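The primary structure of each chain is shown beneath.
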Amino acid sequence: MLAFFSRTDYTKIMILLNAVSKSFGKKKVIDNVTLGVHSGEIACLLGPSGAGKTTLIRLITGALRADAGEITVDGIKVPSLKLFERMGFMPQGDALYADLTGLDNLLFFGGLYRMKGKELKARAFETLEMLGLLSDKDVLVSKYSGGMKKRLSLAAALMHRPDFLLLDEPTVGIDPILRQTIWRQFKSLAAGGACIIVSTHVMDEAAKCDRTALIYGGSLVANDTTENLLKNTPGGNIEELFFMAKEGKAC
Amino acid sequence: MLNMAKRIIKQILRDKRSLAMILIVPLLLLSLLFLLLGKSAYVPVVATESLPAPFVEALQNQKAIRVIQKEGSETAEAYLKSGKADAVLSIDADGMHILFKEMDSVKMSAVTDAVKSAAASINPQGQMNVEFVYGKQGESLFDSLGFLLLGILSFFMIFLLSGMSFVRERTSDTVERLMLTPVKTPSVVGGYALGFGVFAVIQSVLMILFAKFVLQMPFIGEWWTAMLIMLLLAVVAVMFGVLVSAVSKSEFQVMQFVPLVIIPQIFFSGLIPVETLPYHLNFISYLMPLYYGCTGLKNVLVYGYSMLQVWPQILILCGFAAALFVLNIFAVKKYRAA
Ligand SMILES: Nc1ncnc2c1ncn2[C@@H]1O[C@H](COP(=O)(O)OP(=O)(O)OP(=O)(O)O)[C@@H](O)[C@H]1O
Ligand SMILES: [Mg+2]
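Top line first, the protein sequences correspond to chains A and B. Residues in the first sequence are numbered consecutively from 1, following the numbering used here. Residues in the second sequence are numbered consecutively from 1001, following the numbering used here.
If you're looking for bench data, these hints aren't it; they were derived computationally from the structure. Possibly wrong hints are sitting among the right ones.
Result set (DSS-like, lysine-lysine): computed pairs, CA atoms no more than 27 Å apart in a straight line [to be verified]: (1) B:LYS1116 - B:LYS1084; (2) B:LYS1249 - B:LYS1334; (3) B:LYS1249 - B:LYS1010; (4) A:LYS143 - B:LYS1016; (5) B:LYS1006 - A:LYS82; (6) B:LYS1010 - A:LYS149; (7) B:LYS1184 - A:LYS121; (8) B:LYS1333 - A:LYS116; (9) A:LYS116 - B:LYS1010; (10) B:LYS1334 - B:LYS1184; (11) A:LYS137 - B:LYS1006; (12) A:LYS143 - B:LYS1006; (13) A:LYS149 - B:LYS1006; (14) B:LYS1333 - A:LYS27; (15) A:LYS116 - B:LYS1184; (16) B:LYS1116 - B:LYS1081; (17) A:LYS26 - B:LYS1249; (18) A:LYS77 - A:LYS28.
The calculated label-pair distances, taken between Cβ atoms and stated as ranges, are [to be verified]: (19) A:GLU126 - B:VAL1326: 34 to 42 Å; (20) A:VAL202 - B:LEU1029: 54 to 62 Å; (21) B:CYS1318 - A:SER49: 50 to 58 Å; (22) B:HIS1280 - A:ALA68: 53 to 61 Å; (23) B:HIS1280 - A:ASP67: 46 to 54 Å; (24) A:GLU227 - B:MET1255: 54 to 62 Å; (25) B:VAL1326 - A:PRO48: 38 to 46 Å; (26) A:PRO48 - B:LEU1023: 50 to 58 Å; (27) B:LEU1271 - A:GLU126: 53 to 61 Å.
Heads up, incomplete: computed chain A residues facing chain B, CB under 8 Å, no partners named [what the hints assert, rightly or not]: (28) PHE84; (29) PHE89; (30) LEU96; (31) TYR97.
All values reported here derive from a predicted model rather than from experimental measurement. No residue lacks a Cβ here, since even glycine has one placed at the ideal position from N, Cα and C.
Pulled out of the complex, with its shape left as it was, chain B reads as follows (with noise of 0.2 Å):
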């Protein structure tokens, strides 16, 4: 097994680009998508109509909008239309209205958040507080679901490269030469998940430290029980890595699991939030490893839990490993008659 797995480490240390995929990809794509989910900068325009002065007044000094006098006759809707305002503010004998151009999550908090505190400022009593037991109001898209960024970027990379690798020991032949040795087969699968599971916790190291230090992301619990469940959920990935390549027969035979193994996983790793989700779909997502992952992750980074708190998770995530593990024995035992 050792020797099995020191052949896989020697492999992917020459292979830079392999390399680079494990440790830098994933640096870069939290990066990137930090830097595209972080707080936006926009302004959005708001629009009044016939509003009572002191309000308009109180609306000019909120910094996250920008207030401008609707004019022309115009109806609200084509003004919206012709892209002069992002919303209109206007007050009847109904009440206040506000119509937004489209549904935007970014420009509607940012302008009932604004319209709110404008109201507060001249009616004390109608201030309205939301806190939050865990995180802060004004934190980033990026902030709340970073966790989920580090699951399932980790789990990708991982499933890809030892998918691929697999599927080249079948194409070169290496496959039934190794076959035909005394190497138990055990010690095949054994080998793949310990070769890659090496660079698995350097990833899972980079990636942690990556994101709390260098994103600044508001971490609060243990690191190295975030990296155990990054670590469980590595070797998962490396074992329906080899498992799906087992099964193929070329690369692009691997790349075509992917919209089947990967993609659904990501649905219902509580990217949506799982306890929301419609139909009784969330059933779904208790037989996938990435939403164990995440959500221990979730629990630990987000929750505070400490490692007796999410044992759940990590047991469950130890028996996806071990069933795909057996599973894999019998997947590579084929190759060798005896």
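Okay, chain A solo, but in the shape it has when bound (with noise of 0.2 Å):
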């Protein structure tokens, strides 16, 4: 196991998984996970699909409740309706009003944390804007694109400018010049101190990470950063621990 706290020059863990498991009937879900996430760091969940990463995702929200183990962010432990303040959350789905406009559906999701009035539509537009979204702003949800939804999704998650952020899968069906707009949007957040999870399938959108967690049938099977990952495996390829972690549950 390659499952260790790196040492980075990140000052504080924000989001703490401890020994964390999660079962669906009989069937072991999340495995025994142990994670931590500094302020400012962008952290991957890598893991093909159907390896947990909706899952922990979802626990770490708060929406599901972990069976053993304990989850903290910030030190408060989860679920806590006060983390939700300062939570942005993006589900795999697009979880949008399609019969409202863009612009509605985000004063709508701003409103929840009681914003108001001109503020609320300062941000909106803000928010709009950073992600491409202004010229559509007043067509229906119904007639985006799948791009587009993605779009307003996160926009959605990131209306109150949230300290922590729980993307799932944020990037799919996004072409390549706008997913770079993106990640420099992520890298900005985080720059700003926020703290960042986005789970991916795919090995590029974890070499954009500071931290990489490999997750498979709900096993952490690597957690580092990034960079001594890559440094640490045969040519220099993070899928290579996959079959390697298969081999070894196959032993």
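Put the two chains together into one complex; each comes in its own frame, and the hints tell you how they fit.
Rendered as structure tokens:
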């Protein structure tokens, strides 16, 4: 096992999972996961389909309760209503109101954080601008393309400028140019001190993150800075680790 | 809560079909029933057999029936079966006999009324005068049941719409996102009630005005009291809708609840007079919010009760709304572990 906390320059561990497990019925979907992510750090949950990425993110959000182990965010035990104020969550599905316009969606989600009036409106425009949706703000979401919905969903998660962000496959179906812009956003949010967890099943997304946690069959098979992982992996290909993990499990 | 309500209002306004379902469809159904249950223009055919001539003559003066002479030697039963008349009238030593082809309340009351008044025109002492404290003889079935329809139609439409709306929130996963924000669960449920409540107010105003001025339903009570009752009933309907959709996984499952939740309420709403229900089944109606809504509406619109006289119904409806509100908070809370 490569699971350990690496030495970094980051000062504060923001999200901490300690021996977390979760089963659905008899099926153990998350098995004894321990993981820490710092403020200002972008961490990536890399794993194949069905590995448990979404489940792990939902555990951190507080939508699910862990069967064993403990999750804390900034020292506060999850699930907690207090943390919702500071959390930005982008689910894997779109989770938008298709019968409202993009702007109305953002006004609604922003309003849930007690933003009001001019402030709310200004924030919505700013966020739309950031994700290149300003010209489509008055179009019904049902008429949006897949990538536009993804961006709006991300916008909804960013409306209240959260301290920590949990993004479930945020860039699937987004073209390379836009993807680059979005990653630049993530970097600048992290530079501002936000802690970001992104799930993905592609290697090149992971390469953009500060930390990579490999998840396979509900277990963490590696967790280190992306740099270290790349250094220690045969051929510099993180995905090799999956095959190693698979073989390791077979024996 | 206002934010939630605002969003729901925007969604309904965008969806012309839902808007029509809340505001126009109840009026259309009301009109349709008005036409179907209104005064019948049907004139039953009565065949007479061996009646004294003056009586036949008196019968012929009655406009509500058409009198013919029974011909041939077939029995009255066979005569009716062949469809030549709706009733056969005869007299023998036991008295007068009216044989009807079938039990049909419209035809029956037309024929018996005509026979009674024909008899009275011969012998004025035999005049029977039937009068009612509330309503008049000759009012149509619609006039006497209209108040029920106001309650039933509004309840059904609002239930369906709010149920569908909340289930859509579930199927699009927005409910999980919603419940992972600082929003308070009572605000979610309250927002639903408020958002639909706005349309319920418009709906009840429209229905009452339409019934009173277009269909000329004979209302005597205060219309604002009737509206208050309709509004409370609508809030209960929203609460039912949210509750049912919180335990349904799809629109189809919401529909499956209709026979369970809505239809019995219609049976016990007073459509079949509750006092006359057999097997002491009337206690079931005391569990149904629609019964209190419809009773309240009847008390106001037919008996002319004032707000102070229908407080039991108003209070019980408030109680239902509050109880369902609390249940809904628990039902919606399950979407959030915190
Ligand atoms: N609500 C649930 N009930 C039962 N099993 C579930 C539930 N949610 C997830 N699972 C199971 O948990 C396992 C992990 O699912 P999860 O959605 O976390 O995977 P994932 O890594 O996000 O996959 P993908 O990349 O396809 O999104 C799967 O085997 C799935 O069948
Ligand atoms: Mg997933």
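Here is how each hint holds up against the structure:
no.: 1; hint: B:LYS1116 - B:LYS1084; in the structure: holds, 23 Å
no.: 2; hint: B:LYS1249 - B:LYS1334; in the structure: holds, 14 Å
no.: 3; hint: B:LYS1249 - B:LYS1010; in the structure: holds, 24 Å
no.: 4; hint: A:LYS143 - B:LYS1016; in the structure: holds, 17 Å
no.: 5; hint: B:LYS1006 - A:LYS82; in the structure: holds, 25 Å
no.: 6; hint: B:LYS1010 - A:LYS149; in the structure: holds, 19 Å
no.: 7; hint: B:LYS1184 - A:LYS121; in the structure: holds, 22 Å
no.: 8; hint: B:LYS1333 - A:LYS116; in the structure: holds, 25 Å
no.: 9; hint: A:LYS116 - B:LYS1010; in the structure: holds, 17 Å
no.: 10; hint: B:LYS1334 - B:LYS1184; in the structure: holds, 13 Å
no.: 11; hint: A:LYS137 - B:LYS1006; in the structure: holds, 18 Å
no.: 12; hint: A:LYS143 - B:LYS1006; in the structure: holds, 22 Å
no.: 13; hint: A:LYS149 - B:LYS1006; in the structure: holds, 22 Å
no.: 14; hint: B:LYS1333 - A:LYS27; in the structure: holds, 25 Å
no.: 15; hint: A:LYS116 - B:LYS1184; in the structure: holds, 17 Å
no.: 16; hint: B:LYS1116 - B:LYS1081; in the structure: holds, 25 Å
no.: 17; hint: A:LYS26 - B:LYS1249; in the structure: holds, 23 Å
no.: 18; hint: A:LYS77 - A:LYS28; in the structure: holds, 22 Å
no.: 19; hint: A:GLU126 - B:VAL1326: 34 to 42 Å; in the structure: holds, 40 Å
no.: 20; hint: A:VAL202 - B:LEU1029: 54 to 62 Å; in the structure: holds, 55 Å
no.: 21; hint: B:CYS1318 - A:SER49: 50 to 58 Å; in the structure: holds, 51 Å
no.: 22; hint: B:HIS1280 - A:ALA68: 53 to 61 Å; in the structure: holds, 55 Å
no.: 23; hint: B:HIS1280 - A:ASP67: 46 to 54 Å; in the structure: holds, 50 Å
no.: 24; hint: A:GLU227 - B:MET1255: 54 to 62 Å; in the structure: holds, 56 Å
no.: 25; hint: B:VAL1326 - A:PRO48: 38 to 46 Å; in the structure: holds, 44 Å
no.: 26; hint: A:PRO48 - B:LEU1023: 50 to 58 Å; in the structure: holds, 51 Å
no.: 27; hint: B:LEU1271 - A:GLU126: 53 to 61 Å; in the structure: holds, 57 Å
no.: 28; hint: PHE84; in the structure: holds, 5 Å
no.: 29; hint: PHE89; in the structure: holds, 5 Å
no.: 30; hint: LEU96; in the structure: holds, 7 Å
no.: 31; hint: TYR97; in the structure: holds, 6 Å
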